[in-house]
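Enquirer: So the sequences go chain by chain: G and D. In terms of my numbering, the first sequence opens at residue 13 and continues consecutively. In terms of my numbering, the second sequence opens at residue 18 and continues consecutively.
Derived from the structure by calculation, the hints contain no laboratory data. In this text, a Cβ means the ideal position worked out from N, Cα and C, and glycines have one as well. Do not take every clue at face value.
Derived list of chain D stretches under chain G, where covered just means 3 residues or more per stretch with a C-beta under 8 Å from a C-beta of chain G [claimed, not checked]:
no. : region
1   : 34-46
2   : 76-88
3   : 101-112
4   : 117-125
5   : 172-181
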Amino acid sequence: MHVAVKILGVVVVGVAIGLGATWVVVVHGNMPGGVADGPWKTSLVFGSAQSDPYTRARVALHGLFALNSKETLYYTATEDSDGHALDGKCRYQLAGRDPNARWWSITAYGADDFLIPNARNLFSVSATSVVRQAGGKFAVDVGGENPAGGGNWIPAGTGSFSLTLRLYNPGPDVALDPEHAVLPSLKKVSCP
Amino acid sequence: MSERGQEWLFWIAATVLVAMVVHLGAVYLLPHAVMARALEKLGTPNTMHVGRRPDATARAVVRPSPDILYAACPYDLSKGPLRVTSPVNHASYWSVSAFDAATDNYFVKNDQQINGDTMELILVKRGQPWPALDNALERIILYAPTEKGLILIRAVIDTEKDLPALSAMLHQARCGTVASVARLR
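Between the sequences and the hints, there should be enough to build the whole structure, so can you do that?
Expert: Structural data, given as structure tokens:
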């Protein structure tokens, strides 16, 4: 075989493998997370110059303009508390108390990383919008059909989805030890 | 190993090398490409763009928060230092942040870290002539790591009824060359 053809083959195959590996490792998937707390994953280097190139690239694609962790902690859940991938056709329940932060929100995103269209334009619950029970606990329905009684509900479409928990100005215990922060649980209730 | 075997080994090693170089290059360049595209989508440089409350039609930037109103200034310091001014909302979480061309968040200050009801930020590229400035007690002066980047103001929307006032407040934010933007008083 002519050497030029071999060189061309090396370049074509090498470029294909290099770009394929980039797609698998960076493009495909979700926000990275080196720290896991139940179903929630985060990292202390999101948004910062200390990010490794892989984290920076994945944040650019899946969480552009993330603030550094001293200002905001971003936890992402792609699975429920039992480790099963989130599916908008199923009903889940987020249950817990207010996380230790000045302000927080939990938002559902589709597989394309954008807000999920729904008739009621509901996308999230937050420290200011969540309806609490006596004693401060809350329970939020996620996905499935519109639950009776309304209240706390985040629609999640009909496909795979993820949740992002934002903690603005996290408390010092959370910022120092995000792995052990007290965060809402995420349990599957039912699937059609 | 036979000569033919050694030749195959050489070409396989060369392919792996090319793949690694392409992969590492792509991973390094990706944030720069994403940022350049985002800056283009956000609008004219050195101008403050106030968005609507994000909903499912918001497609300029991934994972927008529907509970936050954003004002964004894609900057280009090639025409000189930048001045950003904005009222500060102390009623709920508010912040001003800066991102470089590699998407790194190199600066953020929130409402609890700013005294007074207005914010003034001067953004200068290293080596750029220093702009003539009057005396001001609460002025943030920043060196930008890259010539292009983004200034982003976030304001939490506590309730729907707060939205008009919050939007009006963000529409008072300005961004432009030092000479073109007056300090808020």
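Enquirer: Next step is simple, just say for each hint if it's right about the structure.
Expert: So, going through the hints one by one against the coordinates:
1. 34-46: holds (count 12)
2. 76-88: Coverage by chain G holds here, the residue count being 8 at a Cβ distance below 8 Å.
3. 101-112: holds (count 3)
4. 117-125: holds (count 6)
5. 172-181: holds (count 3)
Checked against the numbered hints given earlier, the structure satisfies every one of them.
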